[in-house]
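**Student:** In case you want the letters, here they are:
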Amino acid sequence: MQLAVWTYEGPPHVGAMRIADAMRGLHYVLHAPQGDTYADLLFTMIQRNERRPPVTYTTFQARDLGSDTADLFRRAVLDSHARFKPEAMLVGASCTAELIQDDPGGLAKSLGLPIPVVAVELPAYQKKENWGAAETFYQLVRAFARRDVAKRTEGRPLCNILGPCSLGFRHRDDIIEVQNLLASIGVDVNVVAPLGASPTDLSRLGAAQFNVVLYPEIAGTAAAWLQRNFAQPATRVVPIGVGATRDFIAEVAQLAGLPVPHTTESRLPWYSRSVDSTYLTGKRVFIFGDATHAIAAARVASEELGFQVVGLGTYSREFARDVREAAAKYGVEPLITDDYLDVEAAIAAAQPELVLGTQMERHVAKRLGVPCAVISAPVHVQDFPARRSPQMGMEGANVLFDTWVHPLMMGLEEHLIGMFREDFEFHDGAAPSHLGHAATAAARPEVVVPLSVAEEAPAELWTAEAERELKKIPFFVRGKARRNTERFAQERGLRSINVEALYDAKAHYSR
Amino acid sequence: MSAASPILSSAPGCTDAPVLRQRGQREVFCGLTGIVWLHRKIQDAFFLVVGSRTCAHLLQSAAGVMIFAEPRFATAILDERDLAGLADANDELDRVVARLLERRPDIRMLFLVGSCPSEVIKLDLSRAAQRLDRAGNGDVRVLYYSGSGIETTFTEGEDACLAALVPEMPAATDSKPSLLIVGSLAEVVEDQMLRLFSAMGIDDVRFLPPRRARDLPPVGRGTRMLLAQPFLANTARALEARGATHLPAVFPLGAEGTTLWLRAAADAFGVSPARFHDATSAAEDRARRSLAPLRETLAGKTLFLFPDSQMEISLARFLAREVGMIPIEVGTPYLHRSHLGPELALLPRDSRLSEGQDVELQLDRCRDAQPDLVLCGLGLANPLEAEGFTTKWSIETVFTPIQGYNQAADLAELFARPLRRRARLMV
Ligand code: SF4
Numbered sequence: 001m002q003l004a005v006w007t008y009e010g011p012p013h014v015g016a017m018r019i020a021d022a023m024r025g026l027h028y029v030l031h032a033p034q035g036d037t038y039a040d041l042l043f044t045m046i047q048r049n050e051r052r053p054p055v056t057y058t059t060f061q062a063r064d065l066g067s068d069t070a071d072l073f074r075r076a077v078l079d080s081h082a083r084f085k086p087e088a089m090l091v092g093a094s095c096t097a098e099l100i101q102d103d104p105g106g107l108a109k110s111l112g113l114p115i116p117v118v119a120v121e122l123p124a125y126q127k128k129e130n131w132g133a134a135e136t137f138y139q140l141v142r143a144f145a146r147r148d149v150a151k152r153t154e155g156r157p158l159c160n161i162l163g164p165c166s167l168g169f170r171h172r173d174d175i176i177e178v179q180n181l182l183a184s185i186g187v188d189v190n191v192v193a194p195l196g197a198s199p200t201d202l203s204r205l206g207a208a209q210f211n212v213v214l215y216p217e218i219a220g221t222a223a224a225w226l227q228r229n230f231a232q233p234a235t236r237v238v239p240i241g242v243g244a245t246r247d248f249i250a251e252v253a254q255l256a257g258l259p260v261p262h263t264t265e266s267r268l269p270w271y272s273r274s275v276d277s278t279y280l281t282g283k284r285v286f287i288f289g290d291a292t293h294a295i296a297a298a299r300v301a302s303e304e305l306g307f308q309v310v311g312l313g314t315y316s317r318e319f320a321r322d323v324r325e326a327a328a329k330y331g332v333e334p335l336i337t338d339d340y341l342d343v344e345a346a347i348a349a350a351q352p353e354l355v356l357g358t359q360m361e362r363h364v365a366k367r368l369g370v371p372c373a374v375i376s377a378p379v380h381v382q383d384f385p386a387r388r389s390p391q392m393g394m395e396g397a398n399v400l401f402d403t404w405v406h407p408l409m410m411g412l413e414e415h416l417i418g419m420f421r422e423d424f425e426f427h428d429g430a431a432p433s434h435l436g437h438a439a440t441a442a443a444r445p446e447v448v449v450p451l452s453v454a455e456e457a458p459a460e461l462w463t464a465e466a467e468r469e470l471k472k473i474p475f476f477v478r479g480k481a482r483r484n485t486e487r488f489a490q491e492r493g494l495r496s497i498n499v500e501a502l503y504d505a506k507a508h509y510s511r
Numbered sequence: 001m002s003a004a005s006p007i008l009s010s011a012p013g014c015t016d017a018p019v020l021r022q023r024g025q026r027e028v029f030c031g032l033t034g035i036v037w038l039h040r041k042i043q044d045a046f047f048l049v050v051g052s053r054t055c056a057h058l059l060q061s062a063a064g065v066m067i068f069a070e071p072r073f074a075t076a077i078l079d080e081r082d083l084a085g086l087a088d089a090n091d092e093l094d095r096v097v098a099r100l101l102e103r104r105p106d107i108r109m110l111f112l113v114g115s116c117p118s119e120v121i122k123l124d125l126s127r128a129a130q131r132l133d134r135a136g137n138g139d140v141r142v143l144y145y146s147g148s149g150i151e152t153t154f155t156e157g158e159d160a161c162l163a164a165l166v167p168e169m170p171a172a173t174d175s176k177p178s179l180l181i182v183g184s185l186a187e188v189v190e191d192q193m194l195r196l197f198s199a200m201g202i203d204d205v206r207f208l209p210p211r212r213a214r215d216l217p218p219v220g221r222g223t224r225m226l227l228a229q230p231f232l233a234n235t236a237r238a239l240e241a242r243g244a245t246h247l248p249a250v251f252p253l254g255a256e257g258t259t260l261w262l263r264a265a266a267d268a269f270g271v272s273p274a275r276f277h278d279a280t281s282a283a284e285d286r287a288r289r290s291l292a293p294l295r296e297t298l299a300g301k302t303l304f305l306f307p308d309s310q311m312e313i314s315l316a317r318f319l320a321r322e323v324g325m326i327p328i329e330v331g332t333p334y335l336h337r338s339h340l341g342p343e344l345a346l347l348p349r350d351s352r353l354s355e356g357q358d359v360e361l362q363l364d365r366c367r368d369a370q371p372d373l374v375l376c377g378l379g380l381a382n383p384l385e386a387e388g389f390t391t392k393w394s395i396e397t398v399f400t401p402i403q404g405y406n407q408a409a410d411l412a413e414l415f416a417r418p419l420r421r422r423a424r425l426m427v
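Protein chains in written order, with my numbering: chain P, 1 to 511; chain W, 1 to 427.
Everything labelled a hint here was simulated from the structure, so no lab data went into it.
The structure displayed is predicted, hence computed values, not measured ones.
Where hints are given, some of them may not hold.
The list that follows gives simulated cross-link-like pairs (lysine-lysine, DSS-like), each with its CA atoms no further than 27 Å apart [stated by the list, open to error]:
{"no.": "1", "chain 1": "P", "residue 1": "480", "chain 2": "P", "residue 2": "366"}
{"no.": "2", "chain 1": "P", "residue 1": "506", "chain 2": "P", "residue 2": "480"}
{"no.": "3", "chain 1": "P", "residue 1": "151", "chain 2": "P", "residue 2": "127"}
{"no.": "4", "chain 1": "P", "residue 1": "127", "chain 2": "W", "residue 2": "122"}
{"no.": "5", "chain 1": "P", "residue 1": "366", "chain 2": "W", "residue 2": "41"}
{"no.": "6", "chain 1": "P", "residue 1": "472", "chain 2": "P", "residue 2": "366"}
Reference excerpt, derived from the structure (chain P facing chain W, CB under 7 Å, subset only) [as the list claims (entries may be wrong)]:
{"no.": "7", "residue": "56"}
{"no.": "8", "residue": "117"}
{"no.": "9", "residue": "230"}
{"no.": "10", "residue": "262"}
Glycine included, every Cβ here is placed at the ideal spot set by N, Cα and C.
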């Protein structure tokens, strides 16, 4: 049993729904109780879909338990086939139906429908949403990709784009960027899947020479299978950020047997070099999200914006190893957890100046009074902006620059606050002036640090004057300054800390 | 079934009307959803669902990540070890509850809430609650109810929760008449009702649920219960078993509805017609005046109500009688005739009543009927808007203060705004 307040991922059948909803011509019959129909609103409200997701729920009730549930399932399959006339059908069970063991796959097959039926078994008590999406996509690829499709051997190179799906973080916009990018390199796209693909489209996957995997969480399993069975190598670089986009282009060119082209550049490198960006140097940034976006964000933050990564983590346990490797590169402890309370504690302890995270971290950051930008699913209605807002490619890099820098205080403003800390309008919670008064009002006075971190030294250790001086230090580094000074005092055997000791410690630790 | 011939009857309104019952996909929430408002209503209670990741995800999605203030609910997610019997479910539960109470020492009442998975594997949460309750030495009361989707639909979760509270209510020490209002109401509504009852001379008025779990009202032979919500069949039955008398009434939606509801109490307490009039007429007049401008938008507009909260019949009655809308179909997940009798009598005769759902067939009927406004759940609203319908989310009628005189116009406004918006948009 795991105690959960908020969760990063839903159950695995929601992952299957994300694939079914992304595709065309597929209908998913889910053996599930009525309450599970809540999942429709993820698509109609968060993603603002204009149609219901292609899902029929059997909505069995307690009085059906026993022999009737299997019959309900059969009827749901027949009715939805008659009504929606899909090209193919996906069938499966939600957590409750898994317990009553009706075998949706066997039941559906016994009906002898004139269309293909793919059964997905998603162990609801072991696995989660992204795994469910990956498994479902893999099963569909396995079922539909035809081995008798000839691989293109002449003319322009041909690839598939795998991974974009419903409820993904900016998948909608990323594919446009990546398609343009591939076109500019001289590579044709065979199939984009699952988003927008039909089962028939999947049958043509084999024509491509290689696969571009945009979201390994969704498409990794399918791509590995295609590599083994169709001899299609897959890209490993995810083109988020300028450096990664350049690497991606080089990787694609190599897979396509083309020279590495000179590509159009992003504005990010110049904006980052522009002198007004100097203040970004060494900003402490805490990063949490799915593995793909978190690892990519760490690279961009560190190499392209000059931030200092002070925390890196993911809720994607399946990709824990990749995140551990990345964390080692930045010299931070990797945080692998799906408990948002752990994440909250880690953020509070790291005292970052910027949080890059999911909607959960956005709320944590708001509570702690730290600026935040969202970089990863789970998604919220705000993550489907009306404008195009990709994360990938050169335009994606521009978007990252804007959205990550926007919440921060501008350079000169920050200096002024440092100089005139006692100005009553420059209190700790003061927000960047360009974010307006509402932000100021919402800001929190003091970072809440878990007890183990903020162990208060006996009050008499600090002289009143030194305590006042400490208050002039920006709040996000104050805890660290306090700890360092106290450690310094302890090492030197000082009985009390006065202003001199504070500055001695500052000099000592800044060496 | 839908083309039933009109029944010749002298009974008023829809009292004897045929009910369309279909069986198919039910597009409704389960009873766990009630936690979203109950955990705000009862301030020192905590709701621990024992269920699956789906249950946790439902709560999170229904609540919206917007109310992120640390909520007083959580889910103990069962995993394969619990199912395989590798971990003793009761030990696990003890561990989870201990961690929870350590974090939240302010909690005085803990509800263990059953789900579909806990019921299917026959986890005896009612026993577990008793055990934890004894272990808590009276500091924290631990109660059980089921909000599972195989047993409960949406607002039935509140019914189950309140029914679980009934045995906890102290016994009234005498049989002096007292008034018990049953069903969650917004605090502002409760306060307005208290003022109205006080003006009639009824001062012993209590609410279930109370704002604090430890302030449970007494119940006994003198208790007269007035239901504030139409979905409380089990709670009412449990209260009756403890001696309370049910006062049948329409529900307090609209000016007329509120007056009829208040009058049921006034009659039971022997309030004179003159005094009742003095206490209510000004507020009722004000409510009627506030509805007049909304009537201009809503009168003559047709309405189709999908089943959701069981409030549909009351809503349709209010919208038909007080602002002149024309209900084409009134769907409800369940039809409790005994509690809804007074409502049915006031519902226009030609409204079609439906109970339960086959959502696909119901959508077909909705498309055929081409109503001016559709009341439906969150899963259907945007797709229907995209088809050209104007919709109102039914969940808003559960989360908004709509009962009582001063909220009558707010309630009508919920329905008027989508129509005005559609008329205004030029894109
Ligand atoms: S319907 Fe059952 S399994 Fe689904 S969320 Fe509700 S209680 Fe949980």
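**Student:** If you draw a straight line from the CA of residue 151(P) to the CA of residue 127(P), is it 27 Å or shorter?
**Tutor:** violated (35 Å)
**Student:** Have a go at the residue 230(P) hint: is there a Cβ in chain W nearer than 7 Å to its own Cβ?
**Tutor:** With a closest approach of 34 Å, the residue 230(P) hint is violated.
**Student:** Would the pair residue 366(P) and residue 41(W) pass a check requiring their Cα atoms to be no farther apart than 27 Å?
**Tutor:** holds (25 Å)
**Student:** When the nearest CB of chain W is found for residue 117(P), is that gap smaller than 7 Å?
**Tutor:** Check failed: Cβ of residue 117(P) comes no nearer than 19 Å to chain W, outside 7 Å.
**Student:** Mind checking the alpha carbons of residue 506(P) and residue 480(P) for me, to see if they're no more than 27 Å apart?
**Tutor:** holds (11 Å)
**Student:** Is the straight-line distance between the alpha-carbon of residue 472(P) and that of residue 366(P) 27 Å or less?
**Tutor:** holds (22 Å)
**Student:** Closer than 7 Å between Cβ atoms is the bar; does residue 262(P) clear it against chain W? Give me holds or violated.
**Tutor:** violated (42 Å)
**Student:** Taken at face value, is the distance from the CA of residue 122(W) to the CA of residue 127(P) at most 27 Å?
**Tutor:** The given pair, whose Cα atoms are some 22 Å apart, holds under the 27 Å limit.
**Student:** For the pair supplied as a hint, residue 480(P) and residue 366(P), confirm whether the alpha-carbon distance does not exceed 27 Å.
**Tutor:** holds (20 Å)
**Student:** Should the interface hint for residue 56(P) be scored as holding, given a Cβ-Cβ cut-off of 7 Å against chain W?
**Tutor:** Holds. Min distance 6 Å.
Of the numbered hints stated above, those contradicted by the structure are hints 3, 8, 9, 10, listed in ascending order.
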